[in-house]
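The lines below spell out each chain.
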Amino acid sequence: AQSVTQLDSQVPVFEEAPVELRCNYSSSVSVYLFWYVQYPNQGLQLLLKYLSGSTLVESINGFEAEFNKSQTSFHLRKPSVHISDTAEYFCAVYLGGSYIPTFGRGTSLIVHP
Amino acid sequence: DAMVIQNPRYQVTQFGKPVTLSCSQTLNHNVMYWYQQKSSQAPKLLFHYYDKDFNNEADTPDNFQSRRPNTSFCFLDIRSPGLGDAAMYLCATSSGGPDSYEQYFGPGTRLTVT
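From first to last, the protein sequence lines stand for chains U and E. First residue of the first sequence: 2, per the numbering used here; consecutive thereafter. First residue of the second sequence: 81, per the numbering used here; consecutive thereafter.
Some hints could be false.
What the hints assert, rightly or not - If we take Cβ atoms under 8 Å as the criterion, some of the chain E residues that face chain U in the derived model are:
#, residue
1, A122
2, L126
3, Q183
Hints were generated in silico from the structure; no laboratory data involved. Yeah, the Cβ is synthetic: ideal placement off N, Cα and C, and Gly gets one too.
Please take these sequences and the hints and turn them into a complete structure.
Laid out in structure tokens, this is it:
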């Protein structure tokens, strides 16, 4: 069985500071890794994903995540956050061949001015 | 734009009074999912359809039912809502095909039970 761990339930940061949201997974088979973002009173939106190839993936709004197979991690980073990045971030893992994801519990990113 | 639509966005119902939430999609995706999300928690999968094939999660209460009359629409019926069923209900779709795992979510319906 697979599981996803997001250790931090809340991450407060100041605007323009760097941030890292951690995600670790456990699985003995190949996985596909996703980060979704959820703004208040909205559904989840895909932020970025790793399926194969380069282990560093980027989103259009400055976030990046790196797949680290040896550490079974897929941490999300941004070098300089904005107030508008305040949201809930969910890491999700798919076993190869499955269309049902396992979600982490979410990390609330709170950006202070 | 292709999208996932949920109606209504906010629903208030009385304890024990049946309620139906609806979801429609213009993506022509094979898979439709219903999730329940409570405050500060991850979405919890209730059930999903792959085309017409219905898949119920083992811990989904019998109080929750679903219908998918065609590719575009999916409904969530709560037969006798309890106070514990107050939550955000999210509908999502995916193509279900290989190398295409991304889920597309609707904006959600926030259910209040009085």
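Hints and how they fare:
1. For the restraint placing A122/E at the interface with chain U, the shortest Cβ-Cβ distance is roughly 4 Å, inside the 8 Å limit, so the hint holds.
2. For L126/E, the suggested interface contact is broken, since its CB lies about 12 Å from the closest CB of chain U, more than 8 Å.
3. Because the beta carbon of Q183/E sits about 7 Å from the nearest beta carbon in chain U, less than 8 Å, this interface hint is met.
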